[in-house]
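Asks: Starting from the known structure of chain A, arrange chains B and C on it as the hints suggest.
Residue numbers (the working numbering), protein chains in the order written: chain A, 65 to 428; chain B, 65 to 428; chain C, 65 to 428.
Which copy is meant is left open, so a pair is good if it fits within one copy or across any two.
Restricting the straight-line Cα-Cα distance to at most 30 Å, the calculated cross-link-like pairs of lysine-lysine (BS3-like) are:
no. : residue 1 : residue 2
1   : Lys286    : Lys125
2   : Lys420    : Lys403
3   : Lys281    : Lys352
4   : Lys163    : Lys286
5   : Lys125    : Lys163
6   : Lys125    : Lys147
7   : Lys163    : Lys147
8   : Lys352    : Lys286
It should be emphasised that the hints constitute simulated quantities derived from the structure, not laboratory data.
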Amino acid sequence: MPVLLDPARAPVLSELLRAVPGGLVQSVVPGSGLHADPRIAGLGSLAHASEQEISFIVHPKYLDHLALTRACTVIVLPEIEEKLAQTVPAPRFARVVCKHPYLLYARIAQWFEWARRPAYEPGIHPSAIVDPSAQIDPSVLIGPHAVVGARCTIGAMSQIGAGCVLGDDVEIGASSILYPKVTLYYGVRVGDRAIIHSGVVLGADGFGFAPDPSLSKGAWGKIPQLGTVIIGHDVEIGANTTIDRGALDNTIISDGVKIDNQVMIGHNCQIGAHTAIAACAGIAGSTKIGSRCTIGGMTGISGHLVIGDDVHISGGTGIIANIEQPGRYTGVYPFAEHKEWQRNAAVVSQLSSIRKRVRALERD
Amino acid sequence: MPVLLDPARAPVLSELLRAVPGGLVQSVVPGSGLHADPRIAGLGSLAHASEQEISFIVHPKYLDHLALTRACTVIVLPEIEEKLAQTVPAPRFARVVCKHPYLLYARIAQWFEWARRPAYEPGIHPSAIVDPSAQIDPSVLIGPHAVVGARCTIGAMSQIGAGCVLGDDVEIGASSILYPKVTLYYGVRVGDRAIIHSGVVLGADGFGFAPDPSLSKGAWGKIPQLGTVIIGHDVEIGANTTIDRGALDNTIISDGVKIDNQVMIGHNCQIGAHTAIAACAGIAGSTKIGSRCTIGGMTGISGHLVIGDDVHISGGTGIIANIEQPGRYTGVYPFAEHKEWQRNAAVVSQLSSIRKRVRALERD
Amino acid sequence: MPVLLDPARAPVLSELLRAVPGGLVQSVVPGSGLHADPRIAGLGSLAHASEQEISFIVHPKYLDHLALTRACTVIVLPEIEEKLAQTVPAPRFARVVCKHPYLLYARIAQWFEWARRPAYEPGIHPSAIVDPSAQIDPSVLIGPHAVVGARCTIGAMSQIGAGCVLGDDVEIGASSILYPKVTLYYGVRVGDRAIIHSGVVLGADGFGFAPDPSLSKGAWGKIPQLGTVIIGHDVEIGANTTIDRGALDNTIISDGVKIDNQVMIGHNCQIGAHTAIAACAGIAGSTKIGSRCTIGGMTGISGHLVIGDDVHISGGTGIIANIEQPGRYTGVYPFAEHKEWQRNAAVVSQLSSIRKRVRALERD
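Pulled out of the complex, with its shape left as it was, chain A reads as follows (with noise of 0.2 Å):
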């Protein structure tokens, strides 16, 4: 449960409503309990929210739901408000009837993180080290002990969080915010308004090697990995995702993609606009994926592939080939108790000689 906003900063419904953009709400209905247009401190799930916030409900599935929450306001289909208009006794909380319930949650989840945050004073934090020939617009804010690299530009309004470490030549736009201990290797790009969490490594070098006979058997020799790593604008990436520099191109991220906790992308990838990838996927050298892709978690996408726009891939599926066509692919190994898993799992091996017995039959 989020902390409430201190009721001196609250709100009032009718003012909150007014505070957030779009034109979504249809109109507001009050509760049969005491305020006409209550004061709004927070915003709670139906089952958690208490008596000072405002909830949500995106389907009719959820109804019952909805006579247990302790909410003095919540946002409502049409369909739904029709019912509770015929409800007897009248609900005790304030109705706001809304085509797009998850969407004006989202809106008023976004004004109440700006009331939460602490205001905002830009400066550099006396324990940082920042390179004299470095560029920081004023209005920046650069934490404790974070280190910015020679030649660095920093965009107006963005932060960086205590314990980053910004290489050389590093550029970042303006409106972005780095959580603390993000590391951007030397000459790697950043676009405006990025969200880069904590632990977040862009810029390290791909995994390129080639044997080399003039070493010991097996050894390998490193290829140095000259290119670097592009983010576009409006990108998100989260904690402890890893984002490798191009060997000689650079790896391109482009603007609004977002990209989950504990991603690996390799070197020479290119990930088109509004693509994004869920927690622990990773995606191998030199693939390309389009735009407006959905990327599940933990899944593998080989290197040197072209995954198209459009394409939607379930969780843990692993790609080894190209995808032309939009679409939904999917490949998880169905799992079961595990003597039954057992039992399955050893006619895999047998799978073509099944076959062929079973064309033998339909022969005979």
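Replies: Only chains B and C this time, still in chain A's reference frame:
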């Protein structure tokens, strides 16, 4: 091989056995070597222990290893001691007879681990940046370059390693250890006796986005993550693991949960008491896992699932449905020599048709 | 595209070829362009190289790309040069004829990588916290906010990046590079010429617990991890990889091993010389892997296994048994369009029964 204690600090066997808790020891049988009560400077495996160390044997199948060990003392099962007592010549090493040798080993290892540790000196390193509003027990150790935000509380005897960053309003209980470079986002709560390894990130934003038609085609609007992460007592969390904060409610890790390295736990998950999660497992958002489960390494669990108590999932399994019954569950595609895999994998895409053909043959 | 060298520092082709080791070059054929011995400011791919750069072609199937490249010089195979020599008009670019173009590329890339690097200035940054008992060679560089514990030793020409934390008794050889924010727990040993990327954690506790009946039902007792991690010479370790310390014996990474990002290696593992492990692979505790193996990305290997020399495992494979014979091994469930996957996956749980039915039909 662990560093041996300085002989001046090493206990003799009888002292050591008095120092470990538990009444596990049945008897001590002197070896035919020089010392009836040998000095024990460390703990080693049968194969690698030196003559200054104690070792252990958990199963009669390792009896052959006993003949070769150099350990001065070995923890043995009663049935092994029966055999050793008849050996001619008598074994050189002393024996500690015990029905639970692995448990006694664990407790002796704990004794040596504490003996090995440098003396604990509480205090805040001068390079640490601690907000004046934080409440730090005087017995706490805060390492170099750590950062502690506003209104944090840290309980007695806890240690905050070098370079850790605690956001505002973080709470840490008593006797907890944060190894270097742990990041706790604002509002995260950790109980007593936690062990959190380096690179862990607790409380980064969950992966929450909604299509927003007011943005360009395919663009995602961010859903702020207003909950937090609550970690119970006696929890251990491995290196580079990430646990995201809840969207509205909290992400909850119950007492006694043990989490290995590079595990990912999504927003709003709840993990029941004493569940153990091996490395590289990923649990997607809003999934609830019961108590006393074991989750194998690299297992992926989809979001919004419910897994009951005492469920054991083999490594590498993808869980895409609820599991109500206790038991062991597995779903791993069998590996094979590559060409054999190719032959059989080609048939997977024909399984449905093969089933039909078998049915047709049966009808004939 | 990598940053180009300042023209004043860029070598002419003949100088560059003299500077790289190896006698790989068969001949140099001037292009029909302006300079017989062009100045080379960088190295680029055929598609993206500028006129100041050298490029390379490793296979005749990319011949079409040659016609479009802007590179002033291209490294080519002898058989490609034969074709180019007959082209009318003659190619604009110079050719370096060479039987191993990829190896020559790697060496030229190494040359440019060193030329790119800022001048190396040894010394300990004033913000670093170095224990007075540590033995640091005067040629070592220690970056801002690094922490070096008691009795550490760091060999000649090694570099410790910003924010690295070395626990007590860590040993690092000569000419090793730790990028920013690497964590080495107490007692970890690293050889010469290591490259360790940001976010790596070496020596965190292995995942060792035993049920302890003196605790509450289902509770785990911790088994202290008394071993350490030993890293050989010429090892590279990718960003956010974790390698756990041994329980009693050590975890050992042999000479020449190359490890990609986000790899997890459990306690007591032993990895043989020159084995390469791709990103997101996980190796559970006490497994031994031979020399010159390649482990594909996101491969999971169970604990207590033995994998021989020269074994090659495809990405995404789960290894749950020993592998003695050299060769390539695979175990990936084939992906498909989602509905097709559903149809076929439903049959997996019936494989054992289908085999029986085929047998029954055969008996008829």
